[in-house]
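**Student:** Work the whole structure out from these sequences, hints included.
Number of protein chains: 2
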Amino acid sequence: MTKVYQLKNVPSNEVDLPVVLTIAGSDSSGGAGIEADLKTFSAFGVYGMTCITALTAQNTKGVKTFEKTSSELIKQVLNANLDDFLYNYTGTAPLKVIKTGMLTKEAIKEFSYQLPKLKEHKVKIVIDPVMVSTSGSKLIDEEGMSLCVDHLIKDVFLITPNYPEAQELYNIKEGKEYEEVQSLEDFKNLAKSLQQSLQCKNILVKGGHIPFDANNNVATSNSSKIIDVLYQSELDDWVIFESEFIDSKDNHGSGCTLASAIAANLAKGKELDDSIILSIDFIHKGMSTLQRKLGFGNGPLNHFAKPAASISSVLNGSYNEVKKLLSQHDSFYHFLTTHPSVKDNWTKYVNHPFVKAIAENTLQFDKFLYFLKQDYHYLINYAQIHGLAASTAPNYKQTHAQATIIGEIVTEIEKHKEKLMKNYNIDYVKDYEIDSGLKPGKACQDYCDYLLRIGKKENFLGIKVAVAPCLHGYAEAGTYGQSIRKDTEVLGVVTEDQAKIYQTWLDDYTSDWYTNADKEGKNALESLINDNELNIKRVDELVDMFNQVVLLEIEFWNECLNL
Amino acid sequence: MTKVYQLKNVPSNEVDLPVVLTIAGSDSSGGAGIEADLKTFSAFGVYGMTCITALTAQNTKGVKTFEKTSSELIKQVLNANLDDFLYNYTGTAPLKVIKTGMLTKEAIKEFSYQLPKLKEHKVKIVIDPVMVSTSGSKLIDEEGMSLCVDHLIKDVFLITPNYPEAQELYNIKEGKEYEEVQSLEDFKNLAKSLQQSLQCKNILVKGGHIPFDANNNVATSNSSKIIDVLYQSELDDWVIFESEFIDSKDNHGSGCTLASAIAANLAKGKELDDSIILSIDFIHKGMSTLQRKLGFGNGPLNHFAKPAASISSVLNGSYNEVKKLLSQHDSFYHFLTTHPSVKDNWTKYVNHPFVKAIAENTLQFDKFLYFLKQDYHYLINYAQIHGLAASTAPNYKQTHAQATIIGEIVTEIEKHKEKLMKNYNIDYVKDYEIDSGLKPGKACQDYCDYLLRIGKKENFLGIKVAVAPCLHGYAEAGTYGQSIRKDTEVLGVVTEDQAKIYQTWLDDYTSDWYTNADKEGKNALESLINDNELNIKRVDELVDMFNQVVLLEIEFWNECLNL
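For the record, the sequence lines run as chains F and Z. Going by the UniProt record's numbering, the first sequence opens with residue 1, and the numbers climb by one from there. Going by the UniProt record's numbering, the second sequence opens with residue 1, and the numbers climb by one from there.
You may find that some hints are simply not true.
Claimed, not checked - Across the chosen pairs, the derived CB separations fall in these ranges:
1. D141(F) to D237(Z): 54 to 60 Å
2. D446(F) to E408(Z): 34 to 40 Å
3. S71(F) to D141(Z): 22 to 28 Å
4. E14(Z) to N459(F): 31 to 37 Å
5. M1(F) to S327(Z): 22 to 28 Å
6. E321(Z) to Y319(F): 58 to 64 Å
What the hints contain is simulated information worked out from the structure, not anything from laboratory work. Idealized CB from N, CA, C, for every residue including glycine.
**Tutor:** Listed below in structure tokens is the structure:
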């Protein structure tokens, strides 16, 4: 028998992949080393290259043996990778970050030869000074660490020692023990002292070995939290990352994974503190989502945990800060539209030349028709987004409210179709509902795609903020248009009938019906803001989303004008 | 300055990870070898372990040099990995599949020593007989291939040669050239001959090197398709996979990636033909989704392309087969409810003892109250799912129809709340809308979770099939209940008032209002089926989804009965 399958070519999203090179050992069991690095890069959508410094035979119970890679091969690997992904590019190269794990003397030497050229190419280097594996095996000797300190660490972007490693590094460099950490203050001082000693740019000292209590002293009891301290030398600033202590045996390779998650996020262009937040969260999820532990010792974590969709979603706190910020504004809507990053865009949008041209009868009518067609596409999408809002609503009344809005949007669509459009011989069935007709333009498609993406990943508040510029902007644009409206008898490039159509359009968006919808929407947004305990990062995200949509609105009208 | 971030512990989905071991070379540039394997395993959510046979220094322009791993280390790696993830398990072990890529003589020997024990443990072995890299470098010599043929391939689950490799293997084994393939028939014969010669269980010969024309002859012009042929010896069956020829330079490591994608899907328990379909689709997406090529030679593909959510979505054709299948049924609804895998479950559901007990007045009233509470939770979720249906609807009228259904469900919710429940002193605010009250039971939660998952990943038709058992099943259950209804004066364990409530409940689901909704839903489903060109795999998926939901409905009532 012969069975035949014909595969379709299904389109998929295009991506531009940033690249990270990991220089580290291979962990045959897949939980640490370059294996953990590659899995972590994959989780964050970053392309990974490797320079394997040693092959280990190990499993979750320990390292059985290892073989070091020769200097010659390391040299060849570094040249092959760096030529093809960095040095030979004249424009922006794909390689953004180099991350190191287990290093041998051979690897340190070969890598250090590349440093001057790497500095020229502005690659960020993240060094995870691995000394001992989770299972207790020693992975580098003191001579290796000295080499590392003397040849590599100075000037690198970030090093990520845990507490024992930080102490060891201090000892190697300063030739004396650092006093034992008792409190958060001590811990911060250790981070700064170590940075000053090593001269790296930033240092993240991980506190997994010394849980703290609620008073920020090293914990003596069980109820404890983990603190990681980042010291940034250029700002002379500390950043404290507090998180819950996760009681889990799925922690093999957690150090490698944290450092490579940070490297991946840096390669994607994220700020250092955001990168660390996303990485700590990733480790937490990885350590608490395996239904069944793998292996008989300390097992690997789950590298397939989904990274947080946003920074704000993994952070507590700072509600008071937000309240203070918003208290200077009449409403959240006012805060958004007058925000420094939004204000000018908002004005450009609601006082758009397209609206001005309508109001002054100087808009060529075919551009208005094009706009109506685009708006038809947009409204269909806008209705669908409210379906997504309905599915994420916090209670059934809100779900119902979104369904009602869908009904209103459909009314608007049919109004377009039946009342306005039938006068201009546009056959919607012919034009849109079969493949031969007008397609949405780029501006419309970009806008719809953005809303759909937001709709799929955001919560109810996020979706409502993303649909807000359309609802409220049209009310403001209508008011603006009316305020500068020329008498319809003062005709520009349109006929008297066409001028009347323009008047109707302006009237629609200043009608009681629309003014009411605008007001209701603002009230609903305000209630939502009051019901959600926002942190500052969340406010930033909402502002950014609102701003993106405002830019898409401007582009929507630009496209019509520049037809 | 000190900034403090407090991280929350955000719950994430738990997973049980199947494991694949790859025995292959390392490609430092990250596009092929164990790097490609690990990235591919990650894309499919499978845990990867490694046994690195050689380290190569290579980039997209070629292999510069390589160093082989010693026999001793390979032995130790295999022992460490297999002990910890396979041999020492008494129950089901996590390691499911072993996949090989570039092999050295050392690796072949060490691996072959493990074969008897691996056979005992029923691990599937997939051998990708890598000989030459995409960039043209020879990766194994003839002696190595002979060893492979003599010691490894016999009895393995699958080998995946491309056309030149298939010919080379034939030559090695039979000592003579296989005639050149001119047609699909020749290609099928080659696959079968090679299987009989090598004695592996299944063989997939990849046709990337010999595109075919529309008449299934080797193409001489440009318009061509790719055919891969699977020969399954145990069934004496061929499976043909036809796909478009992708003109792309992003193909470094495509062979490794295909084999590891197949291995990953097998590890997840997928059938061989389904695994191959998903893998070919993955390669296609990977080869056509990089915005910017990586490296200066043939670049790696995009391993972060999202695998297809379903088999049916990547297949053309077989519409006639589906029409023939469905023509034996009055309606798609009839087809679903009488399908061999559904029929008994459907009867169990619509004639459920819970309904019987209501009809016969033998249901303890507290169980009925528990059911109403659970139903309240369920309906809120059911409304939200229709929001997702609205967002995926094929046109705005359907979007509107889903919004209308949300309105109807909300009416039903409020009816529950205000009419029925107020008589039993259940304070919904206290019970549900704050944290202290009754939570949804396991059956309700499982059902809601399933629907939400379906709602997020499925298209409109899929969602409508998933919500169908509830809508139509309650109509049938109501009719069933009425047909065996005892006179309310013949009381069982309930009071006369309570019996009246039971009567009202049965009346609701046999009312004109509900009968109408039931009928409209069936008509809508039928139209949808007629508007979609389904293939057989899609029909299978819809049946499976419908059946899953029927089982969840049964469990929903079981939980109430077994309170």
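**Student:** Hint by hint, which ones does this structure get wrong, listed from lowest number up?
**Tutor:** The structure conflicts with hint 4 only, although it agrees with all the remaining ones.
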